[in-house]
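Asker: The primary structure of each chain is shown beneath.
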Amino acid sequence: MSVTKLSHCKPGQTGVIKNIAGDGPVIQRLLELGLIEGKAIRVLRHAPFGDPISIEFEGMHLALRAAEAQHLEILL
Amino acid sequence: MTSQSVPTLPAKVALIGNPNTGKTTLFNALTGLSQKTGNYPGVTVDKKVGSMDQNIELIDLPGTYSLAGRSPDEVISIQVLLGQIAEQKPDLIVVVTDACQFKRSCFLVTQLMELEQPLLVAVNMMDLAEKAKVQIDVDGLKKVLGVEVVPVIAKQSSSLDSLKDCVKDALKKKVPAKVHWTWPEAFEKEGVKLAKALSIPLPLARRALIDEGLPTEQLIATQCGDKAIEQTRAARETIKAAGLSPARVEAELRHNWIETNIGPVITQGERGPSFTDKVDGILLHKFFGTVIFFSLMTFVFMAIFDWAGPLMDLIDGGVGSLGELAGSGLQAAGLGGGPLESLVCQGIIAGVGGVLVFLPQILLLFLFLAILEDCGYMARAAFLMDRLLRFAGLSGHAFVPLMSSFACAVPGLMATRTISNRSERFATIFVAPLMSCSARIPVYTLMIAAFVPGDKVFGLFSLQALVFTAMYLIGIVVAIPISLAVKKFSGFSTESSFLMELPTYKTPSAKTVFLRVYQAGKAFLTRAGTVIFVASVIIWALSYFPRSQEIHDSHEVMRTEVQAKKSGEELETALKKIDSLEQGTYLRESYLGQLGQFIEPAVKPAGWDWSVGIAVLASFPAREVVISVFGIVYDLGEDLDTEEDDDSKALTNKLKAAKWPDGRPVFNLPVALSILVFFALCMQCAATVATVKQETNSWSWAMLSFFGLTFVAYIAAILSYQIGMAVGLGDLVQ
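Chains as they are written, first to last, in numbering that gives the first Met the number 0: chain A, 0 to 75; chain B, 0 to 733.
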């Protein structure tokens, strides 16, 4: 078991959200979409230049930038 | 007063839901062509309404995951739902949810329940849920939520009928939704206090507390005065001091309630890799995905240019015949030859018609965009392009607007509404006109064919094709610093982000695609009938008046001379020539011509003479006007085309033969380049300026954008000419 930032996860890795750090409009949006503690999440793929990344949770595919993904701490 | 004396107003039903839940498809299915787009009183947010039945009006609110007010559209939504907009208070709220992702949709549902108004939950895409092995216990759901729930399969007409019945039923019963959860005391106390102090509804007070740094704050300020912001902030601080973060309080309260109460009524079977997963494996592949993306974009543009051609010719021909018909009609009525005929034929029909020609391209572009959007590919394109757009300070959200602008900036500007970051939206609006639109093609073609040598570079590419491509690239290159500058100096928050749902792939709905194309066409025609109409009339008047008797008399003398000497066909050609000559003289002496000569010193550094100057001025309503102006100035008559016909060659030759008073040729390669560069960068398009005004709701932005880009184009034109002359391109003779 280890905790990693979502931005450092590789495609195909799965884990559980441990914490979502910070605040502001972007974080509010992530929270609203359901990225809260305890949710299972899977990294799907990285875009051609390594950023943004796409993730899957509860059947939703979501694209976000590494800058946003680094707020999410994942328990692998 | 009895209720009988008042005619019954149609019941109002607000339709709201997450993006990608098929809300628009449902709205289209329920209302069809009865849809109308208007404005909410006092603001320029589009209001889409349609009638479902004689007595039921459906209001389509923008797709959203939450009632948090992020954009002007979303702020309006909450105002409509709370009944704060005069005469817009809905009698019933219908929330469209996605059966496959029901728990996520429930976040918005819980927000709506707090409004304590009649609510109906439509669970859409029940068929897809079944395929994804999701089972929803509808009766269980009704019990937990305490509101009416109706399963829907948008494709099935029987399913739509049952939805309609449920709407009517709910309108009769009008049972308000109830709240089944409690907010943490420290938060709720402040919410209640704030609601009382500002006399606003409690749900709005809660939003004010949660939506820190979002437009909700401005809404509160407009409604309750500037002091309200301070009061809200103070209340927020009290909550934070109690160890709570408002946004987290909301997210955890709702998601936890949903997990405990909605979780049990939904069963999720084993999830294998879906169709979408497999397709994305290819379409979002680092290598193949990129190749497919660029091939697809190339195909779309080729198709727009190739397929629209015949239709454009048809319209062009139609406009021409209409002009002739109107001309002969007026002559038959004894009104020919005067200003009226000229106004109708050269002013209105030629001016508006020249713009109408682009209708097929716009319809085709919207057809492709609507298909790509509705099947789910556009979100992928944005995902692939986000990194590249970051160089210009933009994000993947700007992709669709910018791509559309290559065909026409007007739909491109309208597409910027989906960008929630304000500084990014304004930057995109500012640079969208720099993407070479289809109206520039005639100008590029004429100048390149006339003045760029047909040599091959490295024996491979023709120099002409390279210059053509360079015109597209120069717009993109110049857009980067301009976009960065607008972002920097716009004064809006500059935090950029990219957060986008990649929806499940689906077959595009024919009705949705058709309606998008139909509405785009209607909007374009409306603009052609208003802004472009007025601009055409003004430009015509400036180029027509004053008509001095002297010019007429001197040409009349020439006509009499010719009539005495020549006969038959020869006479006809000679008379035509005199007519053209007369037209040219009139134009030179017109207000527009005088203006051209007045501004000549200003345009001389770019290598232009007065004729190019007025061509540029006259082409303000639409860039392609420049060609007809050259035609008039160089005494060719006005009916010119850039196709490889005799007229075009004649115009090319006339341009080449044009001389300054000292005998030097007016046009050479550097002059052609400076004209090309100017038109690549300038904002000579009344429709675009009007759309910028509409989208930014500000004349200052529209004017800044017009004068700013025109200034950039002017400087770039001077540089092109001066550098071209300095490196000796001026001496190249073709």
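Source of the hints: derived by calculation from the structure; they are not laboratory data.
From the three backbone atoms N, C-alpha and C, an ideal C-beta is built for every residue, glycine too.
Hints are not guaranteed to be accurate.
[Claimed, not checked] Dumping the calculated BS3-like pairs for lysine-lysine here, alpha-carbon to alpha-carbon at most 30 Å:
(1) A:K9 <-> B:K285
(2) A:K38 <-> B:K132
(3) B:K88 <-> A:K38
(4) A:K38 <-> B:K487
(5) A:K38 <-> B:K102
(6) B:K141 <-> A:K9
[To be verified] Derived CB-CB ranges, DEER-like:
(7) A:L75 <-> B:Q53: 56 to 66 Å
(8) B:K188 <-> A:M0: 52 to 62 Å
(9) B:Q83 <-> A:A66: 53 to 63 Å
(10) B:R232 <-> A:K9: 34 to 44 Å
(11) B:A522 <-> A:T13: 22 to 32 Å
(12) B:A522 <-> A:A65: 37 to 47 Å
(13) A:K9 <-> B:E251: 23 to 33 Å
Asker: Of the hints stated earlier, which fail here?
Answerer: Those not satisfied are hints 3, 4, 6, 8, 9 and 11.
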